[in-house]
Amino acid sequence: DAGVTQSPTHLIKTRGQQVTLRCSPKSGHDTVSWYQQALGQGPQFIFQYYEEEERQRGNFPDRFSGHQFPNYSSELNVNALLLGDSALYLCASSLSNTGELFFGEGSRLTVL
Amino acid sequence: DAKTTQPTSMDCAEGRAANLPCNHSTISGNEYVYWYRQIHSQGPQYIIHGLKNNETNEMASLIITEDRKSSTLILPHATLRDTAVYYCIVRVVGGSEKLVFGKGMKLTVNP
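Chains as they are written, first to last, in this note's numbering: chain A, 1006 to 1117; chain B, 266 to 376.
Any given hint could be a false lead.
Here chain B is said to cover these stretches of chain A; the calculated rule only asks that three of the stretch's residues, wherever they fall, bring their Cβ under 8 Å from a Cβ of chain B [claimed, not checked]:
| hint | stretch |
| --- | --- |
| 1 | 1044 to 1057 |
| 2 | 1106 to 1117 |
Incomplete in silico selection of chain A near chain B, CB under 10 Å [what the hints assert, rightly or not]:
| hint | residue |
| --- | --- |
| 3 | 1009 |
| 4 | 1011 |
| 5 | 1012 |
| 6 | 1040 |
| 7 | 1061 |
| 8 | 1063 |
| 9 | 1093 |
| 10 | 1095 |
| 11 | 1096 |
| 12 | 1097 |
These aren't lab readings, by the way, just hints derived from the structure by calculation. Where is the CB? At the ideal position from N, CA and C, for every residue including glycine.
Hey, can you work out the whole structure from these sequences and the hints?
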């Protein structure tokens, strides 16, 4: 049983560019959450998707957007990249109304 | 902001029990205590969670005080692979409540 998978694992972009990160949830999970983790900090909640809708959002600008597909997979899009967007982006999946979140290994984004 | 406070770091000898404390004095009645850990360059890993009773699984034990204002995660026989950042989090179960991570506590298991 595959866990949460994310792609790509590493990528480098330049300021002003756009990036799309992808996540496939653990089998049987219907809820996907995205987190940003800067170096030396704990993960920060970006948003959560359930039934293809954004259910909750953290304190991130509109440059951060997402999508969930009918098969529960999800994308995170970041527009107009800034140097400060450099971070590890983590996807977590869960079964709605249960507590355990399962995290992927993350996508490490470097913005130059 | 995180609703928990943890020491910044802790050392433990390999093979000994590691007792990781966490304070959550403002915890609400419907909030559970969760523990996750993050080994370097990996995603966080779920360890255990509990409401008010002590819990045990194959990874660890969770001891929650009677007033629920603090808890202790116990790794009974720490190994080098337990070296990680450990996060104590309080969370409502059953809703869309997000996980609010603090900076966590770095546990270093020494040979």
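Status of the hints after comparison with the structure:
1. 1044 to 1057: The restraint on the stretch 1044 to 1057 of chain A holds, since 8 of its residues have a Cβ under 8 Å from chain B and three suffice.
2. 1106 to 1117: Holds, because 6 residues of the stretch 1106 to 1117 of chain A bring their Cβ atoms closer than 8 Å to Cβ atoms of chain B.
3. 1009: The hint holds - residue 1009 of chain A has a Cβ within 10 Å of chain B, the shortest such distance being about 7 Å.
4. 1011: holds (8 Å)
5. 1012: violated (14 Å)
6. 1040: Result: holds, 8 Å to nearest chain B Cβ.
7. 1061: holds (5 Å)
8. 1063: holds (7 Å)
9. 1093: holds (8 Å)
10. 1095: At about 5 Å, which falls below the 10 Å cut-off, the nearest Cβ of chain B leaves the hint on residue 1095 of chain A intact, so it holds.
11. 1096: holds (8 Å)
12. 1097: holds (8 Å)
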